[in-house]
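**Q** Both chains are sitting in their own frames, so use the hints and assemble them into the complex.
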Amino acid sequence: MRCAALLARAGAAVTIVERLSAPGGPEPERSAVALAGSAARSGVRLLLDTLALQFGGTFVEVLGVDGVSRLPCDALVVATGSRPASRAELRITGDRCAGVVPGPAALRLTWSGVLLGHRPLIAGSGEFARRCAREQLAAGASAVALTMPAGARQARGAGIRVFAGYRVVSVHGAIRVDRAVLCNEQKSIQVQADALILAAGSRPLRNIEGAIEQREGVFFCQPDHEDEGVRGAEIAASQTAARARAVFG
Amino acid sequence: MTSTHTEVDVLVVGAGVVGAAIACRLSQLDVTVAVIDRRHDIAEETSKSNSGIAASGWALPAGGLEARLVCASSPRWEEICGRLGVPFRRCGAVAIARTQQEAERIPELVRNATANGVETRALTPDQVTRAAPYATPDAAGGIEIPAEAVIDSIRLTIAYGELAALCGVRFFFGEPLLNATSSRGEVVEVRTPGIVLRPRYVINAAGLGADIVSRILGGEDFRITARRGELLLMDREFARRVPRILTLLPTERTHGIMVIPTAHGTCLLGPSAEDLDNKHDRSTSADVLRSVLRECRTLMPGIDERHIIKTFSGLRPHAGRTYRIEPSATVRNVIQVAGIRSTGVSASPGIADYVLTLLHKAGLEAPPKAGAPDSLDSTRPLRGILDCAGTASTPSGRTVVCACEKVTAADIHRAMSSALPARSISGVAKRTHATWGRCQGMECLPDVTSIVCQHLCVQPWEVPYGEPGSTLGVARARRG
Chain A
1 MRCAALLARA
11 GAAVTIVERL
21 SAPGGPEPER
31 SAVALAGSAA
41 RSGVRLLLDT
51 LALQFGGTFV
61 EVLGVDGVSR
71 LPCDALVVAT
81 GSRPASRAEL
91 RITGDRCAGV
101 VPGPAALRLT
111 WSGVLLGHRP
121 LIAGSGEFAR
131 RCAREQLAAG
141 ASAVALTMPA
151 GARQARGAGI
161 RVFAGYRVVS
171 VHGAIRVDRA
181 VLCNEQKSIQ
191 VQADALILAA
201 GSRPLRNIEG
211 AIEQREGVFF
221 CQPDHEDEGV
231 RGAEIAASQT
241 AARARAVFG
Chain B
1 MTSTHTEVDV
11 LVVGAGVVGA
21 AIACRLSQLD
31 VTVAVIDRRH
41 DIAEETSKSN
51 SGIAASGWAL
61 PAGGLEARLV
71 CASSPRWEEI
81 CGRLGVPFRR
91 CGAVAIARTQ
101 QEAERIPELV
111 RNATANGVET
121 RALTPDQVTR
131 AAPYATPDAA
141 GGIEIPAEAV
151 IDSIRLTIAY
161 GELAALCGVR
171 FFFGEPLLNA
181 TSSRGEVVEV
191 RTPGIVLRPR
201 YVINAAGLGA
211 DIVSRILGGE
221 DFRITARRGE
231 LLLMDREFAR
241 RVPRILTLLP
251 TERTHGIMVI
261 PTAHGTCLLG
271 PSAEDLDNKH
281 DRSTSADVLR
291 SVLRECRTLM
301 PGIDERHIIK
311 TFSGLRPHAG
321 RTYRIEPSAT
331 VRNVIQVAGI
341 RSTGVSASPG
351 IADYVLTLLH
361 KAGLEAPPKA
371 GAPDSLDSTR
381 PLRGILDCAG
391 TASTPSGRTV
401 VCACEKVTAA
411 DIHRAMSSAL
421 PARSISGVAK
431 RTHATWGRCQ
441 GMECLPDVTS
451 IVCQHLCVQP
461 WEVPYGEPGS
471 TLGVARARRG
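So the protein lines, in turn, are chains A and B. Using my numbering, the letters of the first sequence correspond one by one to residues 1 to 249. Using my numbering, the letters of the second sequence correspond one by one to residues 1 to 480.
Some hints could be false.
Unchecked claim - Per the computed footprint, the stretches of chain A lying under chain B, defined by three or more beta-carbons under 8 Å from a beta-carbon of chain B, are:
#, segment
1, 4-14
2, 79-90
3, 194-206
What the hints assert, rightly or not - If we take Cβ atoms under 7 Å as the criterion, some of the chain B residues that face chain A in the derived model are:
#, residue
4, Pro176
5, Leu178
6, Asn179
7, Lys279
8, Ser283
9, Thr284
10, Ser285
11, Ala286
12, Lys310
13, Thr311
14, Val400
15, Gly441
16, Trp461
17, Glu467
18, Val474
19, Arg478
Stated by the list, open to error - Short, incomplete list of chain A residues facing chain B, as computed with Cβ under 7 Å:
#, residue
20, Leu51
21, Gly94
22, Arg96
23, Pro102
24, Ala105
25, Leu109
26, Ser112
27, Val114
28, Leu115
29, Ala139
30, Gly140
31, Gly232
32, Glu234
The hints are simulated quantities; they were obtained by calculation from the structure and are not laboratory data. Predicted, not measured: the structure shown is a model, and the values here were computed from it. In this text, a Cβ means the ideal position worked out from N, Cα and C, and glycines have one as well.
Chain B extracted, bound-state conformation (with noise of 0.2 Å):
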């Protein structure tokens, strides 16, 4: 039923990585923002499943908009993750030529490194050995990137939404965009399921659904289609002998297989790249992984099975045209940011920026909000605590919820309460890694329902994993 008639300055459609920067953004102006989005929380969809790859952009076509973007944000992460408390990590990477075939592409790459202005080192088969020591010793040449990077791309998206929370931004989740009024050449009202949103701006931010929001506000006719990539996580005694990624190097199509280390000290291998009709099947099947783990062995010989934690897969947009951030020809005050592909966390600082651009550029005034944070709160949960900070400063009268990943009910009571709290299983998951490690679940996850059910007020039973629908249990049990 539709319950409120908003105007607002600027609508963000899709609470993804770039919706939420865009959000994250647009909060430090004095404007009024909105963001819907079709899932119950946020970085449910793409941005839920990456590679966790803070990109310097050296592989990118050097000069597009993508490689722009995406070499704009990559020196500014340490400054954006110190504020938002994002785990990152600059650990570099090593791309390894198999093949001599392989290996001649060095030079042309480098030099594409060289225009998108970041530094690599082109590494004769010895010096792969001496850069990465667990890479293959089969290796006909490679790369060096300093710059490469990981990150905790949920936790990113997490906060760049939190904090546009904080600062007066509302989010609307659960609320697809059913259609819209224009008038003029203009969007002037939106309706969702509950909300009614009257727009100066739109920006359509909505991943893998952006084309058909485009078609619904009267924009550009595209199309975006689902790549899927298949993952293994490993676990954190893997990931120690992983200190850089570890890239094939890259070609037109993929960035291909990749074993990552991540910001929170496991390990990722993957992803695959299967282009789909469907955009909602994420997934996995018994011979993409093993084709992946294959791939993955030939850049690091014996990778073993037993520290797998968990497999996933996740989707990322695909379009005939990558990086589509402009204003609607159409549709004088609809900004298109769609054909975002598996760039999007990387360059989500820089697109936030340039669309900011794009909505000044629209007559959009917009001065700097008085007294608006723009870093969260700084509590640290206990494995961060851990991770970065030594046991020194551990505070006392922890209760250890999930032992695998060292989350504490505190952790999980904070992420039930922030100013973008979790609202299911899935998203106390998503922010604080509990029934994530290595046994999944096994111990903790009565313990997180128990908690999650106190603070949504609901029975055990009725607790949801993660969309509406997706209930723990599905009755109370006889002898309960």
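Bound conformation, chain A alone (with noise of 0.2 Å):
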């Protein structure tokens, strides 16, 4: 919504495309009233319950209420946020058993009454890890290990284990997740555990089709580090309408 106002009052016709039916995202920041409201005031229209599907060069194919049909556009900013590393990123080998939850559903589903495990290990690197342990404390896990990298800022608090400088290379378990295996530069270790949960690191979310890598009249508007919160989306929003003015003027 910043990229799309400061878009806007340099006087490009600007339309945002969101999936839900609030603006904000699915957790939304309380700026979020406030940016939509400057937003709309800039001249941006908003397009709730609508998804975009692909981008095609000359215009968005998107589906919402109606049906699909085609917004035609110059450009296209993508300001899908992020997610935390998949298992396939994480390198993450072993059993495909059950347990092994991305790290925003987790807390979805624990806020629907979903107690994931009695102890959890959590895969992470920031805040968010850290946020995901306190949760699944909260919500009656017994205990919680974390694993983090060595510089990072340590979660604290009764029942979190901290495995700093360990990550998880690989979980196992017949049908759903008992164990993984955590190593170091220096060594392996197996940690009991009934539940992963995949909190690492930062990926850009897209699934745009067409504008999932860099091509011409894609913008991508992602902070590209998780701690980085609204101030980061901010710089990036800046950053990115900066771009697009440069190349549409």
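**A** This is the structure in structure tokens:
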């Protein structure tokens, strides 16, 4: 929304396509309402309940409540946020058993009443992982193990055991996870766990076909560090808007 | 607890692609058929994790039963997949010789393909570059095989099962064969934990477990081991560069490493081939995956790891004797369909016809069933509409649950209320690909869980991920 407002103020006709029913993402920051108002006052059109399917160079194909349609455009700004790395991106091998859950899904499931594990292991690298650990304990987990890079700010609190400098290399279990292997530069160890929550790393969340990789007309507005927060998003928005203005005037 | 005693004309043991194809074929006839499987869903073992190739049979030893059945099936895929709504693409393949020594085998392989009735063309290094510009520039030669194809093998298996179920075939999941009673050289009764069946004929299509099933039925003593293949799934951005299958020249032991565009627009790298004693070990290892990637890069340089969506492994049956499809020599009413290695998908229509011939010879009288449907509902999922039919025919009012794979809530509801409905998150994923996209369920897993929850009438933490016991959660969350 910040990027849209900046571009609209510079004279562009801007449309925001949002999959959800309200602006601000799945967990809106407090500034979401203000940003939405600012964008609207700048002339930005907001299409809610609308999924961007693919970018065709001069149009974006969207699926909304009325079906599929094409929105003509000169450029596409991808501001779909970021996600933790997937199991494959973290190179976690082993069994494909139940109990391995991506971090954002883990949080939503926990809020829906699902205790993912009595002793979950969290593969982490920053604030999001620390938050996942706190949420699991609050939901009823008896103990949480958390892997973090050696240099990262570590989580503290009763029930949280931090494996600083370790990463998860494999998970094992016949039906669901029962243990994981962690390693650092010197050694590998085994940790008992009944769930693995993936909350490490930060990857741009991209699922608009034709706009996964850099190409003409596509501008990515996605903070590339997981702890950048709202300020990082604003910086990314300003930079993206500047890049787009430089190309399109 | 044993709950039913049922007489059936034919009992099929195993609900993989072969068992399902046989059940589907029999469902068109006026006979009663039951299928039992030890797993909780159809296509849960070897048929769940294969490379998705509908082979032409070009490299199979000419004259053998495997080659005959694969070659008989290959020309039929367009018709079968059209009828069953299974994603399929006859994309062709290019087999690469990486060394001069390998290239010397090309004429012999082309002759073999001709003997199997499959059209191929020997390629010079320049022709390899023109046929597959993305292939290694160091190829010493190659073979072009236009009839090779890719298919959604999981969807095929499920479609076989759904059509069979629509035509009255009864499926019993989570029911491993426990014992069988014989009389006068024939099996007269079989028991599972939940049912007792009295079959006139038994088809052993138990895949990896066919040796155990054979022994329980009093049949031949043979051994099936597992050959594990590890694969990497690449995203659509990568797959755009791979319009055709790229493969090494096959050896006697294996078809070798391949770069395989999938029928869904993604791409697979692999499989490896590793013989195991443990038939349940579907784990992956970093070393093997690295070696798959290394091998694939000799076929196609510049494969970027950033495009990997997931890694997984599949098990395929390996036997001293492949394609043991014959009446048992020791139990008159048992037909063995064992040792079907990696070509099970490719040969499945041919195997089903062949088994029917064996049943006829064994005395089964089975006239066609009047009014039996031979196709499935043509309602396409959103992904299928976008890929095949264009956007004009997309109905309105669809809520997209999985943005990566473009799966709607309606697609998931349909998967859970079909003739052979999903009963787990994994079952939904197999039928719709929800949670199988780039983010691996990060966004859609809670919504998929919610829909599964509604259909199964269970609490969210009790939703099964796959087999019984694999619940998503372990208990109710304190604040939930």
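**Q** None of the hints should be skipped; say for each whether it holds.
**A** These are the hints, each one checked on the structure:
| no. | hint | verdict |
| --- | --- | --- |
| 1 | 4-14 | violated (count 0) |
| 2 | 79-90 | holds (count 6) |
| 3 | 194-206 | holds (count 4) |
| 4 | Pro176 | 15 Å, violated |
| 5 | Leu178 | 20 Å, violated |
| 6 | Asn179 | 24 Å, violated |
| 7 | Lys279 | 13 Å, violated |
| 8 | Ser283 | 5 Å, holds |
| 9 | Thr284 | 4 Å, holds |
| 10 | Ser285 | 5 Å, holds |
| 11 | Ala286 | 5 Å, holds |
| 12 | Lys310 | 5 Å, holds |
| 13 | Thr311 | 5 Å, holds |
| 14 | Val400 | 5 Å, holds |
| 15 | Gly441 | 6 Å, holds |
| 16 | Trp461 | 4 Å, holds |
| 17 | Glu467 | 6 Å, holds |
| 18 | Val474 | 6 Å, holds |
| 19 | Arg478 | 4 Å, holds |
| 20 | Leu51 | 5 Å, holds |
| 21 | Gly94 | 5 Å, holds |
| 22 | Arg96 | 6 Å, holds |
| 23 | Pro102 | 4 Å, holds |
| 24 | Ala105 | 4 Å, holds |
| 25 | Leu109 | 5 Å, holds |
| 26 | Ser112 | 5 Å, holds |
| 27 | Val114 | 4 Å, holds |
| 28 | Leu115 | 4 Å, holds |
| 29 | Ala139 | 4 Å, holds |
| 30 | Gly140 | 4 Å, holds |
| 31 | Gly232 | 19 Å, violated |
| 32 | Glu234 | 23 Å, violated |
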